[in-house]
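Engineer: Each chain is listed here by its residues.
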Amino acid sequence: MTQVQTPTRAPARATAAAGAAPLLRRRRLAGRDPSPLQQLIVYALLCAGAVGMIVPFIWMVSNSLKTDAEARLVPPTLLPTQPLWSNYPEALQMMGFGRALANTVVITFCCVVGQVISSSLVGFGFARFRFRGREAMFLLMLSTMMLPGQVTMIPVFILFRSLGWIDTFWPLIVPAWVASPFFAFMFRQFFAQVPEELIEAARIDGASNWSIYWRMMLPLSSPVIAIVAIYTFMGTWNDFMGPLIYLNSPDHYTLALALNSFNGQYGVQHVNLLMAASVVTALPCIVLFFAAQKYFVESVAMTGMKG
Amino acid sequence: MAKAVRFLLALAAALLVVWSFIDVGARVVRSWRADRRAVTLTILHWGTPEENAIVQRLVDRFEQAHPDIRIEDIHANNYDPKLKTMFAAGTPPDLFYMPSDSLPEFASMNLLMNLSPLIEQEQAAGQAQWLSDFYPMLLDVFRYDGRAVGRGSLYGLPKDFTTMVMYVNLDLFERAGVPVPYEGWTWQEYEAAMRRITALSDPTDRTGPIYGGVIQTYPQMLRQLIWSWGGEFFGGDGADFRDVRLGDPHAQAALDLIYRTRFIDRNVYNITGVGKDPGEMFETGKIGCIGPLGRWVVPRYRSIRSFRWDIVPVPHREGLESPSAIATVAWSISRQTKHPREAYELLKFLCGPEGQVMSTKLGLAIPSLKSVAESDAFLSPGETPANNRLFLDLIPRMRVAQNPPGQQFNRILDEELAQSLRLGLVDNKTAAQRVAGRWLAELDSPLRQREFPRLSWPRVGQISGAVVLVVVMLAAWRLSRQKLGRLGRKEERIGWLFISPWIIGFAALTLGPMVVSLVLAFTQWTAMTPLEEARFVGLANFRHLFREDPTFVQSLKVTVYYVVLAVPLGQAAALAIAMLMAQKVRGIAVFRTVYFIPSIITGVVLATLWLSMFNSDYGLLNYVLRPICELFGARPPDWFGRDGQIWAVPALVIMSLWGVGGGMIIYLAALKGVPASLYEAARMDGAGRWRQFLNVTLPMISPLVFFNLVMGIIGSFQVFTQAYVMTSGGPGNATLFYVLNLYRQAFEFHHMGYASAMAWVLFVILVALTALVVRSSRRWVYYEGLKA
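Protein sequence lines correspond, in order, to chains A and B.
Each residue of the first sequence is one higher than the one before, counting from 1 in the numbering used here.
Each residue of the second sequence is one higher than the one before, counting from 1 in the numbering used here.
Hints may contain errors.
[Stated by the list, open to error] Label pairs and their calculated CB-CB ranges:
#, chain 1, residue 1, chain 2, residue 2, range
1, B, P627, A, L139, 50 to 56 Å
2, B, T430, A, I54, 43 to 49 Å
3, B, W19, A, I117, 39 to 45 Å
4, A, L45, B, S31, 41 to 47 Å
5, A, Q82, B, V560, 47 to 53 Å
6, B, S464, A, S86, 57 to 63 Å
7, A, L139, B, P699, 21 to 27 Å
8, B, V624, A, I117, 27 to 33 Å
9, B, P627, A, L45, 20 to 26 Å
10, B, P67, A, E90, 20 to 26 Å
Honestly, the hints are just simulated from the structure, not real lab data.
Predicted model only: the values in this text are computed from it and were never measured.
Beta carbons: idealized from backbone N, C-alpha and C, even for Gly.
Based on the sequences and whatever the hints tell you, model everything.
Structural biologist: Written out as structure tokens, the structure is:
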């Protein structure tokens with residue numbers, strides 16, 4: 001059921017063109033493989049951009065290996081004169097890394113799972129069912145995205161407090177299980193593009209709505225799932241305001257909160273340690289992308305979205 | 001190979017998740033088993049890890065001595081919002097840090113426990129000798145009688161304090177042949193010294209010029225400077241807040257000196273806004289004299305090895321002995337504490353000699369107990385600064401500063417004086433007039449002047465219940481006119497079932513809170529007091545917003561400026577990079593990663609990083625731009641400084657473009673999804689690359705463009721963190737984004753009702769804009785298979 005038959009989506013003109021195979025072949029070669037000159041231009045552009053992208057990052061890593069004094073030097077040195085690896089264990093020890101890591105992983109895991117399930121359910125409902133009030137509801141959902149978070153912050157806080165959830169993970173996890181409008185919108189956009197014939201075929205095969213969702217739509221939507229998962233992951237991993245408000249005891253701190261302990265009353269006291277801790281905190285996100293990027297990009301081509 | 005690596009990574013991730021759940025679970029179980037002692041006190045404070053360790057050690061000692069008391073120790077470096085949210089939630093900490101300038105605000109809202117009765121009891125019992133060890137003036141700073149600081153009930157015990165001095169680079173003074181003014185100096189002598197030190201500059205030095213000095217001009221220090229000239233912020237000994245005295249000759253003389261040395265003589269370095277820590281500037285050895293500053297920089301400066309330094313008094317007007325400002329923080333007790341006795345015991349212990357000796361070794365401040373301050377623990381002979389004694393010598397000259405409750409005056413002062421002292425756009429007379437004008441308008445606003453009736457929440461409940469009922473019935477009536485078949489009804493039920501997670505979330509986490517905030521938009525409420533205290537003001541909030549608040553228009557302008565730049569540029573850049581990535585060239589995976597990684601970095605780290613990048617002196621960006629600009633006879637912009645009115649927002653746009661990788665990935669996925677056959681067909685018809693892009697690529701990815709556009713507009717209108725962390729709105733309100741302004745109203749000024757009104761105005765603007773985009777999208781967005 002995962003491998004859905006590729007539907008014909010290309011306009012009729014493409015099929016008509018199939019007759020002129022030799023011509024097409026030549027054209028395709030010319031079109032698909034860029035000439036050396038074009039390659040050069042593409043490389044040059046990409047490299048120029050890449051330098052701009054990577055330099056601040058190198059700067060961050062390099063600062064994490066400097067002494068505090070060298071990190072504040074004018075004019076700055078691009079690389080540390082003597083890499084100070086001991087910054088890392090010192091920074092991790094200072095921020096209580098292990099405990100904060102466990103807390104962050106638990107919260108993030110629950111949020112990712114909840115967000116994918118709830119948002120895809122809602123997106124599917126909006127995309128594939130006709131019901132009275134759908135348009136109004138959809139517009140309502142869209143409009144809630146525009147509500148500045150600050151508006152509801154205090155009332156929501158009062159709500160969670162009355163539930164006795166202060167200094168627990170619930171206020172951070174539960175909102176992820178009721179579908180964020182952003183991601184539900186994303187799923188809806190995706191599901192709306194799935195050809196109707198696919199669903200009709202499944203219905204004729206006797207599939208229930210739930211199994212259409214669970215067995216067909218979810219596997220189909222793996223690129224969206226990947227995007228939603230990664231965005232939720234990064235959003236939760238780096239969230240600062242939520243943990244700040246709801247978590248009190250250091251035993252419950254997340255990485256983002258622990259990171260802030262480098263910010264003293266009189267500004268950042270140890271820039272190098274802050275940078276080291278930041279690199280470690282950002283590392284899981286980077287590794288995640290490295291590991292997932294292939295799937296991330298190619299999954300689109302695997303899933304019946306190909307022409 | 002790659003597969004094996006990915007398998008290992010997945011395994012590691014799975015193990016990490018399992019370990020985390022076990023670790024957290026074990027801690028939960030342990031906390032269930034933990035003994036529930038009779039009394040639990042919560043304390044809230046901020047600090048460096050070293051300071052927190054000291055508080056932790058004190059807490060442990062106290063718990064040992066009082067086994068029946070358990071203390072929950074919370075430290076938060078984002079202190080102000082944390083404290084205020086805890087108050088707003090009705091769960092304030094029992095003890096917490098109280099900076100002296102916040103005292104009128106907290107005391108006037110009746111949030112603090114009055115310590116005077118407890119102390120009188122102790123005195124009557126002859127047990128209050130410990131009190132006489134405090135410097136009396138420091139206790140006065142925490143007395144408040146409802147109008148002014150310095151008399152009345154006591155609301156906190158100072159944990160430490162500092163007087164204000166100037167830090168001097170002895171080597172530069174020596175090279176310039178200026179005697180070190182240990183016995184004090186006049187402002188004339190100061191200016192002469194600045195001139196001579198600045199003259200040491202070597203134009204060929206690539207590390208930049210030498211400056212005579214840096215003058216600190218944030219409100220607290222500005223007051224110190226004006227005092228040293230014999231002026232004041234307000235009349236009536238500084239406590240008549242309707243009588244702004246910035247236009248008086250003495251105050252003007254102080255301001256003019258700053259203006260003159262910064263913009264005309266250029267002997268004093270103008271720290272324009274953000275990204276430049278003046279403390280750091282001094283550490284580089286390029287600054288002759290920096291101040292006024294307190295003791296808190298001493299630990300940092302002790303690590304200076306490249307030059308000798310010391311402290312001297314703040315300069316004064318000829319023939320005047322300059323008073324010293326006090327910066328001090330107290331431990332205060334919340335009035336709502338359930339255990340006042342125990343809290344009072346803890347308070348005395350936290351401010352007692354034991355803790356003060358420990359924190360004195362850190363060196364950030366002067367102990368508030370005479371016995372500790374006069375001991376070697378503080379005087380630390382043999383250590384820098386050699387003139388350490390000066391901090392104590394200034395104590396007889398300390399003066400209590402008066403602050404109107406709330407932070408609004410300081411905010412206005414900072415904003416308007418930035419126009420003259422930082423940017424040099426207006427003269428000091430005008431700036432002073434504007435401060436007075438805006439402040440008086442604020443005081444005279446009906447919101448402050450009139451007494452409004454309390455809001456009746458039961459009535460609100462009835463009305464909103466009735467409204468919801470009517471809306472639901474209307475909707476039901478309208479819907480019931482559309483007839484459905486049996487199948488249709490089944491589909492409808494299932495549809496609603498599928499979207500029910502959102503419906504539940506919407507009702508509980510959005511609609512309910514929205515109703516509350518909508519109601520609040522018509523009230524005056526401080527968020528620190530219970531909801532029942534909210535007062536109904538009708539449309540006064542909106543009237544004030546549209547008619548009397550210049551920051552509303554300014555913040556709207558800034559935000560629109562940002563949106564107009566950031567949204568199109570961000571989308572175009574993301575799409576362009578994705579198009580390049582979609583080419584079949586080797587090594588694309590590397591590029592993909594490189595472009596994506598930056599979008600992972602967020603929050604405080606992002607801000608810290610880019611502040612150093614944008615620094616106009618030694619920032620990497622201007623280092624690269626300078627030679628390019630010089631080709632055209634220009635200089636690179638001083639992003640958040642003098643050119644801030646124009647360049648501050650573009651700087652934030654550039655920063656946002658660094659995170660373009662997120663959008664790029666989405667577009668990349670979309671581009672891969674465009675059927676190759678469509679391009680082939682287009683090529684058959686003779687379409688070139690540009691036509692293919694216009695007629696195939698764009699229509700096929702238009703749903704995503706639409707999605708990104710909507711989200712981009714919404715996101716950009718809500719920009720907050722960057723401005724909050726990096727610029728806090730400056731310079732001169734050039735980055736006062738709408739949500740930052742809103743946040744400030746809500747959490748700095750406590751105008752929760754006003755902030756709710758602002759939020760609703762923003763909401764309406766966004767809904768209107770999105771409706772416009774959605775409407776237009778019917779013409780340019782192409783969907784396949786969407787059920788109409």
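Engineer: Taking the hints in turn, state whether each one holds.
Structural biologist: Evaluated hints:
no.	hint	result
1	B/P627 to A/L139: 50 to 56 Å	holds (53 Å)
2	B/T430 to A/I54: 43 to 49 Å	holds (47 Å)
3	B/W19 to A/I117: 39 to 45 Å	violated (24 Å)
4	A/L45 to B/S31: 41 to 47 Å	violated (56 Å)
5	A/Q82 to B/V560: 47 to 53 Å	holds (49 Å)
6	B/S464 to A/S86: 57 to 63 Å	holds (60 Å)
7	A/L139 to B/P699: 21 to 27 Å	holds (24 Å)
8	B/V624 to A/I117: 27 to 33 Å	violated (47 Å)
9	B/P627 to A/L45: 20 to 26 Å	holds (22 Å)
10	B/P67 to A/E90: 20 to 26 Å	violated (35 Å)
This entry does not satisfy hints 3, 4, 8 and 10, going by the numbered hints stated previously.
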